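Q: Chain Y is already provided as a structure; the job is to place chain G on it using the hints.
Chains Y and G, in that order, give the protein sequences. Using the numbering used here, you'd call the opening residue of the first sequence number 5 and step up by one each time. Using the numbering used here, you'd call the opening residue of the second sequence number 4 and step up by one each time.
Everything labelled a hint here was simulated from the structure, so no lab data went into it. Because the structure is a prediction, the values reported are computed rather than measured. Please note: incorrect hints may appear among the correct ones.
With the Cβ distance kept under 8 Å, some of the chain Y side facing chain G (calculated, not the full set) [said to hold, decoys possible]:
(1) P20
(2) F24
(3) L202
Here's a subset of chain Y near chain G, in silico, CB distances under 10 Å, partners left out [claimed, not checked]:
(4) A21
(5) L37
(6) F41
(7) V43
(8) V82
(9) M101
(10) T102
(11) M110
(12) V111
(13) R116
(14) M162
(15) V219
(16) I256
(17) L260
(18) L270
(19) G275
Backbone N, C-alpha and C fix where the C-beta goes; we use that ideal spot for every residue, glycine too.
Residues per chain are reported as follows:
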Amino acid sequence: MLATRPNPRSWLLLAPALLFVLAFFLAPVTALLLESFKVDGVWGLGQFTRFFQDELNREVYVRTLRIATAATVLSAVVCYPAAQAIVRLPGKYRGLMTAIIILPLMVNPIARTYAWLVLLGRTGMVNDVITGLGLSQEPLRLLYTEGAVFIGLLQLMMPLMLTSLVSALENLPGDVQSAARSLGANAWQVFWRVTLPLTREGLVVGGTLVFTGCVTAYVTAALLGGPRVLLLETLLYQKVNVGSDYVAASVIAVVLLVTTLLANQLLRVIGRARGQA
Amino acid sequence: MKASRGNLLMLALVLIFLLGPFLVVFLSAFSSGETLAFPPPGYSWRWIGFVFTVAAFQSSFVVSLGVAVIATLLSLLLGIPVAYALSRYRVPGAELIRTALTTPLIIPGIVVGLGLLRYFITLYNVPVYTGLIVGHTALLIPYAVRVVSASLGNLRVDIEDAAYTLGATRLQVFGRVVLPNIRGAVISASILAFITSFNQVPVSLFLTGPGVSTLPIQMLSYMEYTFDPSIAALSTVLVVFTMLIVLGAERLLGITRYV
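Bound conformation, chain Y alone:
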């Protein structure tokens, strides 16, 4: 009875949160985003063409997409077998394993990225090994490279893929995998024809989280990429703090948003397409 009755009082419960989000979130963010659609006070897309005409900006954009895509794909490839292993562990270990994976997500991103500064620095362990083995005379510059940002983001975002795949695999109906095996499918066929199609929703969720996370992670890009290897987020910060170029910042904000929304949509479509095949 209670649930089906439209009640004017319900607006009293909704209004405070809605007004708060409207006033302190939607309004300022919309105002910021709209700035990029104006050129000298006239509506238009001129700021975007100007932004993408700059080679540095294009480079940053392509790099951001490249790193985020690579991290998403690699984390999926690595996490499928790992998640499968977790799901098949005996009960008590499975709980422990889930806790171990979730714990890093609760930790400050600076703490989670810091280790790579230690390991990849000029006097870090990786360089010690490289020079020790005689692979290079001089310590290599490993920090402030695209590789460093990629490794850092992969480590930061992998738990999101892993937890999504674990819960998808846990919900896999009964013994479909063993059934496929006993009917003569090999391990690869079981994965490709049974496991993947039945867990693709988890894959889409995990992929969305990892991709969005990579595109919008500030700390890792700032610490491991520095001003040399800029991503969209660090470029935005630089435009504001170094150049006070608010229009460029607003353009980047729109680009960030559109990119994540498009990527999410694309992943959803891919997820569905595989289902129909």
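A: Frame of chain Y, contents of chain G only:
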């Protein structure tokens, strides 16, 4: 089906990749050396002790704690009624409301911070502290709504109807029937919200000001000029701090579940 050897090997590699960095940070935190090196030249508590004496860390810790606690409470105060209304009443445009309230999760934090800075804080001369609380609260509302909604969905409406029939007022029903039943979800939402705010960087980036900074932002600016083991030490202290909160709450939940 048992886990195959290949899968277990991959799991081991993933765990090393995910957790190894923490080991590096822990060991560096207990370094006895002046500068950051791994493995450290020797072990001591000096840097752990040192981070507690840095005034900038002390003051920004207090700011972070204050902002996280207030933003968490505000987000629950605003979010729980929404979760209740959406799960118990037929609200026209419910989907739209849900979408509007979850946008803070979709918009990159740095955009939120910049938007607030330009169109709220500088416009109305808002104090830094207020700006941080407002930004963080907007970000946390979706967590509160989502976690509490899930719990309310599992709670049968009959018991509320029963309480009404027996003469309870709306507030009594909420306080005596609904709230005790969703306590677990409220605690989970608070932990999630607290940690999200306490660790927040992108939203705070443009919102901190002269003299008022959050701990993560303070750590970032410290790292620009100094390369000693103190950030490793502080990271270790923070990991222990977060673990205590999570374990403490888990414990609390575990106890309340049996009471």
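Q: Any hints this thing doesn't respect? Which numbers, in order?
A: 3, 6, 7, 10, 18 and 19
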